[in-house]
Structure formats: structure tokens, C-alpha cells
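Using the hints provided, position chain B relative to the given structure of chain A.
Number of protein chains: 2
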Amino acid sequence: MAKVLGLVVEYNPFHYGHLHHLRESIRLANPDYVIAVMSGNFCQRGEPAIVNKFARTRIALMNGIDLVLELPTIYAIQDAGGFALGSIGVLHKSGVVTDIVFGSESGDIDFLKKVASLLIYQTPEFQQAFKTQLKKGYSYPNARKFALMDVLSDEVSKLSKSNDILGIEYVKSLLHYNSSITPNVIRRIGADDNDPEFKGKLSSASAIRRVIKLGDFEMTKDAIPDSTYEILKEEFQTGRGPVFWESLEFVLALFRKLKREDFEKIYSFNEGLDLRFYESARSSGDLQQFVELVKAKRFTYSRIRRAILHVLFDMEKEKIEKCNELGPQYLRVLGFNSKGREILKEIKKKSEIPIISTASLYKQVLEEAEKQNKEGKREWKIDSELFIWQFEKDILASDLYTFLYPNKSLRNAGMDFEQPVMML
Amino acid sequence: MAKVLGLVVEYNPFHYGHLHHLRESIRLANPDYVIAVMSGNFCQRGEPAIVNKFARTRIALMNGIDLVLELPTIYAIQDAGGFALGSIGVLHKSGVVTDIVFGSESGDIDFLKKVASLLIYQTPEFQQAFKTQLKKGYSYPNARKFALMDVLSDEVSKLSKSNDILGIEYVKSLLHYNSSITPNVIRRIGADDNDPEFKGKLSSASAIRRVIKLGDFEMTKDAIPDSTYEILKEEFQTGRGPVFWESLEFVLALFRKLKREDFEKIYSFNEGLDLRFYESARSSGDLQQFVELVKAKRFTYSRIRRAILHVLFDMEKEKIEKCNELGPQYLRVLGFNSKGREILKEIKKKSEIPIISTASLYKQVLEEAEKQNKEGKREWKIDSELFIWQFEKDILASDLYTFLYPNKSLRNAGMDFEQPVMML
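Chains as they are written, first to last, in the working numbering: chain A, 390 to 813; chain B, 390 to 813.
If we strip away everything but chain A, and leave its shape as in the complex, we get:
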């Protein structure tokens, strides 16, 4: 059986740190194929990606990824837990991935597995500690972290970093899907994801985005491979980017049309976030000001930005809970090279969920899967309603994303239907 490495990426944009991680992962896993599941047009920090998913797919293929699958939007813009359920879900359900590799500050996979088990099979001791921390007013992720600290007393120092926290979620998701994929870690070097300082080759994606926003795109040449530079340049010159979060300001007008109860129905609106959104939208005419008004100890900036997108995309609570239980309902192909084409054939045979290569045919893909299930030809694990719901959110995300393009004449909808799969 072929060894297939699965990576969870955003590549927003692809930089030397990503290249290093990719090479190290390949060295570690020594795979026959490399599959990446990548966020689409919106990312986990609750922001639109700096360039669209097809441009980022081209860059990924040019740097050694064989096949790029889209992480459905409704997972891409959830917190670490939902993000992991979506991305690991895609890799697991493909039926071919044997290994995943992710960055970790501790570099200690056994420790991450231990914590993941603790969280999945919650001990009473942990539950009690968690409640206590929430009561202190900490955000959900922080309360969980501090509760773990209480329980793991002697190993707490390993729990302070974002990659380890995400890594724990990956392992939890593997347990959730009862997956046979082997998790591996590599020690993270280079920039912290959130380090805003530009440090040449060691710059984080957010530092690179910040420099681009300041109008100094040329400067990023030191931080990104030539392929990234050339494709970003092309995107920026035609006016399909750079896309920044601030261009979402129109959501405030939308929010003014909503009542408090409308927010309450949306995923992630709990702990009083609904009231804060409702009131802050009435008091702000500027997106950054809005976020500052909503901000509280228990609401991180990322969570607020994600919550904005949850409203924009009408992500109802019940739907998301069901999505997180059942996982992604399709494998959306964004691009592949010749090796990717081979492994896609393998996926077609082994995957639990249907492949969507041509977006406009998504309803036919579902109908065919339903037919095969009915006739006993195959056992697709799909929920038809969720399949449509998830995919139509991807389409909506693209249609709203193009509206943010700097070049107004390119802002038409329908990217998913017009843009063929990227082939290298």
C-alpha cells in the first residue's frame, strides 16, 4: 500500500516556513504522495485569504504538494476543534492517507496523545477543573488550557503554544473518526504564527500579510519562494488581491438588520456574544471599532472575527453541531499534479465521501452517490442535506470573497463554476 502523507494547511500565503515544514514532513514520513487539505477563501483567523484558493493551490502544487483538497468553509472558519474535525475529516475520509505530520512546539507526540485522550474521555477530575476555570471568566480555550495545567501539573510547560494546542485537536479528531492514520510531529522552528514582526526568511504569514497591507509587497520577496512571489504579483496586478479583512466592513450594515435573537441562532454565539454583537453593531461604523467594542476577556480577536463570518454565512448552531459530528461530506478537488492524478484514482476507489472535481456538477455527484447507496454498489457515508448545505456555503464564500477584490470589474460571482481545477 502506498504511503500517503496528509498535511493541513492554509498557505496564506505560502512562505519559507511552510516550505521547511513540507520538506521536513516528507523527510520524516517518506511518502509516495502528499495531499494537502487547505482552507478555501476564508481562513481560521476569521479573515478572507490574501489571495483566492485557486492561486494558493497553484503555489502549493509548485512547491511539492501533489493534490490539494478544499477544507469546507464551515470548518475552515471554526475554532481549533472544528477546524481539526474538518481537516482531519477530509484526510481520513479520503481513505488513502496513512500519515499526518504537524508542527509542534513540544515535539512530543506521546504527550499530545495523552492530552487528547484526556479531553476525549474526560475524567471527572478534568471536568471539575475546567468548570472552575470557566467560572473565573476565561475564554473556552484558555479555561481548557488552565484546567489541563491543573491536571497535568508537572508537564504544563508543554501546553503553552498554539501549535501544540492545535495538534491536540488533530489527535482528538483522529480519535473521533476512529482513524488509523498515524500522527507525527516535527518541532516547529522559525516564526510563531502570530508573530507580527517581519523577519525575512523567518517571517510568519501574518507578518507577510501586514507588510503587503502596508504597501511594501517587494519587501516580502525575502520571506516567500519565487513561485509565491510571482503568483501573488500576478494576482495583485490584475486586482484579485490583496484581499484584507477590513473590506468586510459592510457586515455592520447587515448586522443592523438583525435582532439579538437572530445572532443567538448562529454557531459560536454563546456566553453573551449575541448581545455584544447586537449592541456593538449599533454603536460602530467601523469594523475595527466594532471588534474592540465586542472584545472581552473571554472573546479573543480571532473568535470575534470568526463569529462575524458565522453570521455572514448564516452558520446555524444545529447545522454546525451536526457537521462537527458527521464531518465533511465531500472531497473538493482544487488542484493536482501528475502524481496527484494517480492518488485521486485511488481515492475514487477508497473514499467514504464523494469527490467533487467540477463544482457545477455537485448535485449530480450527490445524486449518483445516493443511487449507488440505494443499489448497494457502494457505501457512501453521506448526509444529503449536509452535503448540499456545506457545499453551498463554499460557493457563497467564494461569491462574497470576489466581492472584496480591489478591481471592481472582476468582482463577479461564480468563481467555483468558472475556474477549472488547477493542474500542474
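No wet-lab data here; the hints were simulated from the structure. Worth double-checking, as some hints may not be accurate.
[What the hints assert, rightly or not] To give an idea of the interface, some chain B residues facing chain A are shown, with a C-beta separation under 7 Å as derived from the structure:
{"no.": "1", "residue": "Phe639"}
{"no.": "2", "residue": "Ser672"}
{"no.": "3", "residue": "Gly674"}
{"no.": "4", "residue": "Phe792"}
{"no.": "5", "residue": "Lys797"}
{"no.": "6", "residue": "Arg800"}
[Stated by the list, open to error] Straight-line C-alpha distance at most 25 Å; calculated DSS-like pairs for lysine-lysine:
{"no.": "7", "chain 1": "B", "residue 1": "Lys646", "chain 2": "A", "residue 2": "Lys752"}
{"no.": "8", "chain 1": "A", "residue 1": "Lys706", "chain 2": "A", "residue 2": "Lys524"}
{"no.": "9", "chain 1": "A", "residue 1": "Lys739", "chain 2": "A", "residue 2": "Lys728"}
{"no.": "10", "chain 1": "A", "residue 1": "Lys392", "chain 2": "A", "residue 2": "Lys738"}
{"no.": "11", "chain 1": "A", "residue 1": "Lys797", "chain 2": "B", "residue 2": "Lys684"}
{"no.": "12", "chain 1": "A", "residue 1": "Lys648", "chain 2": "B", "residue 2": "Lys646"}
{"no.": "13", "chain 1": "B", "residue 1": "Lys711", "chain 2": "A", "residue 2": "Lys646"}
{"no.": "14", "chain 1": "A", "residue 1": "Lys654", "chain 2": "B", "residue 2": "Lys646"}
{"no.": "15", "chain 1": "B", "residue 1": "Lys797", "chain 2": "A", "residue 2": "Lys646"}
{"no.": "16", "chain 1": "B", "residue 1": "Lys706", "chain 2": "A", "residue 2": "Lys646"}
{"no.": "17", "chain 1": "B", "residue 1": "Lys525", "chain 2": "B", "residue 2": "Lys686"}
{"no.": "18", "chain 1": "B", "residue 1": "Lys654", "chain 2": "B", "residue 2": "Lys684"}
{"no.": "19", "chain 1": "B", "residue 1": "Lys610", "chain 2": "B", "residue 2": "Lys588"}
{"no.": "20", "chain 1": "B", "residue 1": "Lys646", "chain 2": "A", "residue 2": "Lys711"}
{"no.": "21", "chain 1": "A", "residue 1": "Lys550", "chain 2": "A", "residue 2": "Lys524"}
{"no.": "22", "chain 1": "B", "residue 1": "Lys739", "chain 2": "B", "residue 2": "Lys770"}
{"no.": "23", "chain 1": "B", "residue 1": "Lys797", "chain 2": "A", "residue 2": "Lys602"}
{"no.": "24", "chain 1": "B", "residue 1": "Lys622", "chain 2": "B", "residue 2": "Lys610"}
{"no.": "25", "chain 1": "A", "residue 1": "Lys708", "chain 2": "B", "residue 2": "Lys648"}
{"no.": "26", "chain 1": "A", "residue 1": "Lys708", "chain 2": "A", "residue 2": "Lys752"}
{"no.": "27", "chain 1": "B", "residue 1": "Lys646", "chain 2": "A", "residue 2": "Lys797"}
{"no.": "28", "chain 1": "B", "residue 1": "Lys752", "chain 2": "A", "residue 2": "Lys646"}
{"no.": "29", "chain 1": "A", "residue 1": "Lys646", "chain 2": "B", "residue 2": "Lys648"}
{"no.": "30", "chain 1": "B", "residue 1": "Lys706", "chain 2": "A", "residue 2": "Lys648"}
[Claimed, not checked] Calculated from the model, a selection of chain A residues having no Cβ within reach of chain B, i.e. all distances over 10 Å:
{"no.": "31", "residue": "Leu507"}
{"no.": "32", "residue": "Lys550"}
{"no.": "33", "residue": "Thr689"}
{"no.": "34", "residue": "Glu731"}
{"no.": "35", "residue": "Lys770"}
Since the structure is predicted, the reported quantities are computational estimates derived from the model, not experimental observations. By construction, the Cβ of each residue, glycine as well, lies at the ideal position given by its N, Cα and C atoms.
Leaving out everything else, chain B in the frame of chain A:
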């Protein structure tokens, strides 16, 4: 009984042509009081007003209006027929207005009455002519005009101007409400409402707005009284204006979230306008481009702009039809002088619908009216559901209007609750 003159105005902004019309109307009717029913924050051309309704109320009071009542938004942004049903409805239901005066190119009230009767009590001959013209592809108002031309053959020349057409709607509305108000006309002089050319004292409101948009506010000094100039200046300096239609561009993002069926439920979406909106929103990233794509022989620019607002304000078909049947459900006081205060007392005794002076008390006003009806103390002609629906649209209109302010720090919602009635 006091003679009370009612005027239907937008004053967007108040200029010398309006002043002339006001003085001529007073000379003609010789009233004890002058009441104006005025569009609020959005006007009949489907645009936000250049400054908000309270600023325009102040100007009106400074120029001789005794009492300004708001034309509920859902009428202000309808075509001539709905606009007239709302504005004449407010004046009629106040219970005190004895005369209305409006501009007319023909200056022939008997002719307007004749046409209004013809339209209200449609003859088979007229119905047939109307159908024939619609089939030719003309817009609704044009088909009606041409049908009338066919029927009125020898008097057609009197039917070519917008004020006469609106005047006919006023008379039709008087017939609709079975009102005893006397309609009077004065011959219009000066600029055509739609004349875009700046002509000093004879400039139209749209010409004045255009000059302001071009950044040449000082130039408008020749076209507007000092009071208008000073108040506009104050509004512009603080950043509450000028507000232009283009700032509504965000509606395109909203439209991308809608399906064709969603448009179909909205008032004025017939003759295929729903499909044109749906498709054009997917193809445009610019509001003007959107309008050009929607434009067709049967869809005038004004109609398209109004339809944009109908979607923005969720003006469902059934609701509007009921509103047009029953008329306005409240008298919203925007401002008054000492004489206005006197006539308000009279209105309190005689009106068919309750007065809202303090916006935040609108629910209490309704409850009190319901109570009085129940106890037989008074016979308010109100539909409770429509009362709430109409008024909440006014509040929404204000909350979205302030979002268009140039000064972001003043874009908070709640204008209606924070701004007391204007008193001169």
C-alpha cells in the same frame, strides 16, 4: 374651522424653487396653518437624502412650515402611486387639513381630477388601451401615460410632465380615502425636478445635489436660502453628510446571499425584475454597473433604485399591498413651531391615527390606542401589526442611513430614539 394647508415635500435639499412654491401655495390657500408631510431619510428617487430628516425638518421650519410630519419610509420609497397614498394618507388622517396645493405643469385641476377619476373608475376603453401599451414593452408608468393619451386624445399634451402625473396620483389618493380635502394646483415655474443643469436660483434639487457631489458646495449658495446653506454646512462639517446613493454599494454583497425566489417576495419585483436583480448582482461589483445591467425599457432608473431599497428594507409584497390599502398607521412628528404646537393639539383631537412624538414610546402609543378603542373612548383606525411594521421600517431606515455618514464616528444607530422632535 381653521384653514390648514397640507404640502407633500422632500426638501432634498430645500431650495428657492421650494420657497417659491411654499409662498405661492400660502397666497393661494391663505391658510391659518401649514403642515408638511416629508420623506424621511430615504426619498422617492430611491436614494438616501443628502442630509438626515431632522436637519431637513429644521430647514423647513425656518422657511415657514408650522409642522413637519414624516412620510413613513415604506411609502416614501414607492412609485408615484404609493408615495401619494402615503403622503395624502398622512394629511387626510390628521383630520385637520382642508387644502392641499401641488405644482402642476398644466395648472388645470379639473383635467387632473378627470384623469384621476378615469384611473380610479377604469373604463373598459382605458383598460384595453393600457394592456396594449404594456404589451409594447413600455414601463408601467409609461404604458399608463400612453393609454391615457389614447383615451384623452385631444388633451394629451397636458399629460407629459412628471408633476401632473404625481398630481393625478394625489387626486386619486384623495378619492381612495374619500377625503374632503380640496386639491389646488399652482403652475410650476423654474427647474424641472430632473433637470441636472445648475441654473443658480432656478436649479433643481438634483442639480444642487450633483454640484455638492462634485465637491462644489459653495456654488450652491446661489440656489438655496441661507438657512439651507447654514444647516447643510453644519451637517457636512460634522460629517453627517452629504450622503450619496453610491454609499449603498454594500447591498450587492447582501444580494449575493439571496436566491431569485427571495427577490420575488419583495414589492415591485415583477415583470422579471427578480431575475435581473439576481443575475446582475452576481455580475457586478459596482452599484452603478449593477443598475446599468438591470436597466431595461420597462425598468426606469428610479424604479431600480427604489427596488434596491425594497430589498434592503425587506418590503414584502403582501405587507405593502395592505399598507397601500389601509394607509399610514401613525403621524410621526419631526418638528414644529409655536403655531405647529397649536395645530398639533387640534390633530390630537381629530386624527384617525395616533401621534408619535417620542419615537421610543411607539409601542406604548399603540397600546394606549388599542385600549381606547376597546373601552370605546375613541375610534382609532389602526391595524396594530401594520403600525409596528411601518414604524420599525422607519427605525431601520434611520439605522442604515447613519451607517452612510461620511464621519465613521457618528455612524451609530438609534437616531430616532436619541434625536428629540425639532422645535423652533
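Hint-by-hint comparison with the structure:
no. : hint                   : result
1   : Phe639                 : holds, 3 Å
2   : Ser672                 : holds, 5 Å
3   : Gly674                 : holds, 2 Å
4   : Phe792                 : holds, 5 Å
5   : Lys797                 : holds, 4 Å
6   : Arg800                 : holds, 2 Å
7   : B:Lys646 with A:Lys752 : holds, 19 Å
8   : A:Lys706 with A:Lys524 : holds, 23 Å
9   : A:Lys739 with A:Lys728 : holds, 17 Å
10  : A:Lys392 with A:Lys738 : holds, 16 Å
11  : A:Lys797 with B:Lys684 : holds, 19 Å
12  : A:Lys648 with B:Lys646 : holds, 18 Å
13  : B:Lys711 with A:Lys646 : holds, 22 Å
14  : A:Lys654 with B:Lys646 : holds, 18 Å
15  : B:Lys797 with A:Lys646 : holds, 18 Å
16  : B:Lys706 with A:Lys646 : holds, 19 Å
17  : B:Lys525 with B:Lys686 : holds, 10 Å
18  : B:Lys654 with B:Lys684 : holds, 20 Å
19  : B:Lys610 with B:Lys588 : holds, 12 Å
20  : B:Lys646 with A:Lys711 : holds, 22 Å
21  : A:Lys550 with A:Lys524 : holds, 23 Å
22  : B:Lys739 with B:Lys770 : holds, 12 Å
23  : B:Lys797 with A:Lys602 : holds, 21 Å
24  : B:Lys622 with B:Lys610 : holds, 10 Å
25  : A:Lys708 with B:Lys648 : holds, 20 Å
26  : A:Lys708 with A:Lys752 : holds, 19 Å
27  : B:Lys646 with A:Lys797 : holds, 18 Å
28  : B:Lys752 with A:Lys646 : holds, 19 Å
29  : A:Lys646 with B:Lys648 : holds, 18 Å
30  : B:Lys706 with A:Lys648 : holds, 22 Å
31  : Leu507                 : holds, 41 Å
32  : Lys550                 : holds, 37 Å
33  : Thr689                 : holds, 24 Å
34  : Glu731                 : holds, 37 Å
35  : Lys770                 : holds, 29 Å
Of the hints listed earlier, there is not a single one the structure fails to meet.
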